[in-house]
Amino acid sequence: MSSLINTAISGIRLNQTALSVTGHNIVNANTEGYSRQSVSQSTTIALRTSAGYLGTGVQVDDITRHTEKFLVDQVVQDIGTLSDYDTYLFNISQTNNLLASEQTSLSRAMNDYFDALNEAVNDPGSLLGRQLLLSQTQQMVASFDSVESRMLEQNSSVNKQMQAAAGAVSSLGQQIAELNQVIADSQGGGSSQNPNDLLDERDTLIRELSKYVNVNTISREDGGLDVFIGQNQPLVVGADTQTLVAAPGTLDSSRFELYFRKGGELQNITRQMAGGELGALVRFRNEALDPALNSLGQIGLAITDGINQQNQLGMDLEGSLGNPIFKDINDAVVARDRVKADSRNAPPNNKDMSITIDDISALTTSDYELTFPGPGGQQYSIVRKSDGEVMEKGMLSNARPQEISIDGFTLSIDQGTFSAGDRFLLQPTRTGVGQMQVQITRPEEFAFASPIRIDSASGNQGGAEVLSSQVISTDTSLFDNNGSFNPPLAIRFTSASTYDVLDYSNPANPVQMDPPLTNLRFVPGAQNALLPSDPGGTTVRSDSAVTGVLQIGATDNAYPGETITVETTDPATGFITQQSVTTDAAEEASVTARRLSALDGVSTTAYTQTSLQDFTTGAPGEPLQLSLNGEDLTDPNFVLPGEAVAQDVPVPLTADFLRDRINGNADLAALGITAKSDGVKLSVFASTGIDLKFSVDGGGSLTVGDDADLVTAPLPADPATDLTIGGKIDVQLAANTVLSSDQPAGLFGASPTAQSNFLGVQINMTSGSGADGQPSAGDTFTINYNTNGSADNRNGAAMLALGSAPMLSGGNLTVQDAYGQLAEKLGILTSQARVNQSASESMLRQSMDAMQSVSGVNLEEEAARLIQLEQHYNASARLIGLARELFDTLLNM
Amino acid sequence: MTVRLSTSQIYNRGLNAMLDVQKAANRTQEQISTNKRVLSPADDPIAAARILQLRQEKANTNQFNNSLSTLNNRLQREETAIAGISDQIQKAQELIIQSGNAALNKDQRGFIAVELQSLVDGMAQLMNSRDASGEYLFAGFQGKTQPFQKGADGRFAYQGDEGQRFIQVGPVTSIAANDSGYEVFMDIPGVQSGFRARASEGNTAVPPAQIDGAVVRNRDQFESFFPESAVIEFNPETAVTPPGINYTIKQVSDGRVISENARYVSGNDIEFNGMSVRIQGQPAPGDTFMVESDSSKGLLAGIEDYIAVLQKTGNSTADREIRDQALSRTITNLDSAQGKLLDTRAAVGARLNQVESAKANNDDFDLVVDTALSELEDLDYAKAISQLTQETFVLEAAQASFSKVSKLSLFNYF
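Going line by line, the protein sequences match chains A and B.
For the first sequence, my numbering gives the first residue as 1, with consecutive numbering after it.
For the second sequence, my numbering gives the first residue as 894, with consecutive numbering after it.
Because the hints were derived from the structure by calculation, they are not lab data.
The reader is advised that the hints may include incorrect statements.
As the list claims (entries may be wrong) - Taking lysine-lysine and the BS3-like style, the derived pairs with C-alpha atoms no more than 27 Å apart in a straight line are:
#: 1; chain 1: A; residue 1: K825; chain 2: B; residue 2: K951
#: 2; chain 1: B; residue 1: K1205; chain 2: A; residue 2: K825
#: 3; chain 1: B; residue 1: K916; chain 2: B; residue 2: K929
Said to hold, decoys possible - In silico negatives: residues of chain A with every beta carbon more than 10 Å from chain B:
#: 4; residue: I12
#: 5; residue: N97
#: 6; residue: S381
#: 7; residue: T410
#: 8; residue: S505
#: 9; residue: G536
#: 10; residue: N629
#: 11; residue: P744
#: 12; residue: S751
What the hints assert, rightly or not - Footprint (simulated), chain A over chain B, 3 or more residues, beta carbon under 8 Å:
#: 13; stretch: 927-936
#: 14; stretch: 1083-1094
#: 15; stretch: 1144-1154
#: 16; stretch: 1217-1225
#: 17; stretch: 1270-1276
No residue lacks a Cβ here, since even glycine has one placed at the ideal position from N, Cα and C.
My request is simple: use the sequences and hints to build the entire structure.
See the structure below:
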């Protein structure tokens, strides 16, 4: 009987426990992180009777928590992934909308600017158009500034989000560690039972943690859980925890980094963070925000520098050379701001470094890092951060300043000593927007006019015409005196195919330039660039003591043979190329010049000139006889072309007569020999540099050359006296090219001097190719300062062309292209993030679903269980009733 | 194996499905209300980039259209001025032929001369036309310098240069927006060669000395000198004794001295090689004056020459001879000038045509760009509305079924 009662009581007890577990399930159906519990039960130990083993009832074994570790882990992973993409999408959407929306787009600001520029350039003399351009210029800078400041706000918002997330991670770590302790304690008493609700609570905390960062867990034997974040950085080990903080970076204090704080020490673990909000923030900053800021900076630099350079090549409305419109991109303060030193660098703090931009088109949008890996403070390496490529490495010398050039910029180390471990952040483009600053204040200062003007002389007979003129640099001596072009130049044709460039300061007496630009070649009918265009180009003249010297009694120029060497240094590699020409003794300058011209980077012009005057005649019947390169100039029977009879040979000879004879001689013309006379002096000129070979005979005398060597002619019976004058050579060398000779007494002397021949301007001319259309000797074009040229827009047109000029990425992108590419890149990143976000959302839904399927409470199930337990309870109660009745029956017997 | 469902799963599934449909319907509604398919650049990054590019092209076209209207304005002004001058040339030619009538006496010819002079002044006024912003159209680059100014000798001289302004009207097309006065009114082949005199730019005298009164005194001597040019250069005063202002005349091409250290008297004629010029003022040593041969005859100079002849000549046979020659020369010169104007007008007309066709092209292009833009960013309404209808239908069905399913519970039977 008592055993029956005991059995019934065990059933009642079981039912009470099961009912309260079901009740616990029902009331916690909506509790976050709750895992369904159920009672596991078994029979109590049976009594051995003679009849066999007799059951004694039921007992509660355990209250089981329904959960699956791999499902829980999956949910933790998926929460992290979703939170990652959520955060990334939230941040990048802002950047993307900022750059690509029609209202804030810089594309529009640039368009408005170039529109205003177009209007102003179309009407360069109008102050109204210029005023509008000035305000539009300021407006464009303001738009760049406002977009940049919005992006900098985003950066500080990233910093704040990082701080908040790091705080949450630390506090969650703390709570998990505490729970670990409690759970270990509760299991420590040898009890095998799990504190189910505490486990749920810990799982919830871990899920919470995974919102902020990637989480991995490893169970401990004592029931605790070790928590690792990011790439396996220990946050919680048993009951111990670390503090995660976000604090300003040591290299760039405007960018927060993540650190574990250990005592007073900070250990940077930013690179080891991944997943969750923190991973997304760091990734957003590295792959979207900073590159976008650099891209904008690059565009800002291109506009600023392009417009500045062009404006400096022009002339403003008041007739002065243009000044920079914006602040110089290589302003000393700006240049220094491009280098950031790590705050942990070893003392002394004596470094003075700066970055100057050399070539906008070679710039990238990456930052660079200069490190000193050691040993010692001289070994350095510069890494491009975008792709990790090592750009430069080597040893610094002790020389200061020292310059290192990469990717369109130059790092210049002006001062300082370095130690192993020092780090520097190089940001050539980051400040490109911040430095944009309009520097001019008056609309007159836009230099739309070209500073030079070309006029053709009214007496010009030929068909040569000017196609265009360019100002390449106003940094040459011609523009030294602001508001003038000094000396004014003249281009004077000396034949249909040759011209001189002359200093035209005194129109009455145009003189040679220094270095001379004479006897240059013009191709009628083609486009000719008339002036040297190589900024590094030089001219070496053969003006030594031996050249062009009158040789009396000789039939050669007496030049010594020599080896002339031309060395070209490649500025990038320092590689030297040598070429040389060995001349024969007495080689004519025309031949030497032709051979030199065949070398790379060398062009030559050769010419021979001398003068003859003071002609006297000998005794009657013994007149002075003169021949030139085999042609008898005093032949009484020579008939000038176009005339019927031979001219009388005057006694004494006159310069005018000889001029007509020389210029009228077809054979001499074929040799390029021409003559001029001013009535007294006969100047003879050979445009090819061949030797001028005179021979005098018959009596009388003349003086030859600038030194006025008196030559007395031998009598007719005696052999004639030969006079020879050699030619001179002007050698134009390309940049970085040097000429030398092994013969100190040669054409170029012991130390040939190279003079820059770059004028900073270029003139393009053409002409007809027929007899009527080609230039005539004497045709002159003068190049003067463009005084009063207020209606000229040539330089403005060049400025306008910058809008469509591919200035960026190695000359492939215009500023608008670059901006479009930036907007497109951010758009793609945003759209990827959006796809990833929605994918990870449904992944999370699925894993939550799977977990809920195991751990979630089903109210129907619990209701059914209630009914089942109620019946069971009733049945157990009935058992007691039955036992009592049985007992009563026995008592009443 | 049957999958166990928890109650929160049932609710979440129903809710998520409804939220998804709601989100889609909301988005479609936003598209409809903004008429934009691409609401944010991330919706379709490729289209967004293309849209940015197309907007850029539109902005360029707009810029070119602005340039075209500036150009149109200037060219029309130029054309009007040239047309006016053309008319006046015709009047001048009539007057000149009238002046050749042998029956006229000196006074009557004087009246014609006065009338011709007023025509010259009228033409000069047209040649000094300005554009919308007040710049002289025919002054080359020197838009603020009046190009035709009357000198002390009462004759007009050109003060501008040979500059021509180009305005960009297409990615690679620029159209000239003016013709210089030199090109249109000065550089006209003359019947006779002549010369022009001008002070060099580098002269230092203050106030600068002026040169004018350039006439050919002796045609034969001059023709034998032509096409040489000469330069008059002022020497230091000590080059002559007693010291005084003096000059040297040299031939430009070879430096041949024509006249050395001649004393200078302000306002006196300086004659050499058949030419005569007059310098006024106090030239500084080193100042130079160019006497340049010139085979052209300016439009105004041609008439001015004839006016001088009319005023000078009487009724003698010799004078009549001179006048007849001058008359035929002037008529021929004016014909050339008229021809030059016609050429220029044709060129301006051609440019105006170019402007018009560029404008039409730009409009066409704009339309193409607009169409492309619309295809990229505008919404297909039919599609969007049917989509919205479908989405709202699904949403309603989900809501109805959810409320129905959630009503079922075992607890209802307790």
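Going through the hints against the structure:
1. K825(A) <-> K951(B): Roughly 22 Å between the alpha carbons, so the hint for K825(A) and K951(B) holds.
2. K1205(B) <-> K825(A): 83 Å, violated
3. K916(B) <-> K929(B): Answer holds: K916(B) to K929(B) is near 17 Å, not above 27 Å.
4. I12: 22 Å, holds
5. N97: Incorrect as stated: the minimum Cβ-Cβ distance to chain B is 6 Å, not above 10 Å.
6. S381: Non-interface label stands for S381(A): nearest chain B Cβ at 36 Å, farther than 10 Å.
7. T410: 33 Å, holds
8. S505: S505(A) is in fact no farther than 10 Å from some Cβ atom of chain B, at 6 Å.
9. G536: 31 Å, holds
10. N629: At roughly 21 Å from the nearest Cβ of chain B, N629(A) sits farther out than 10 Å, so the non-interface label holds.
11. P744: 36 Å, holds
12. S751: 34 Å, holds
13. 927-936: Holds, because 4 residues of the stretch 927-936 of chain B bring their Cβ atoms closer than 8 Å to Cβ atoms of chain A.
14. 1083-1094: holds (count 4)
15. 1144-1154: Check passed, 7 qualifying residues.
16. 1217-1225: violated (count 0)
17. 1270-1276: That given contact is violated, which follows from only 0 residues of the stretch 1270-1276 of chain B lying within Cβ reach (below 8 Å) of chain A.
Consistency note: the structure conflicts with the earlier hints numbered 2, 5, 8, 16 and 17.
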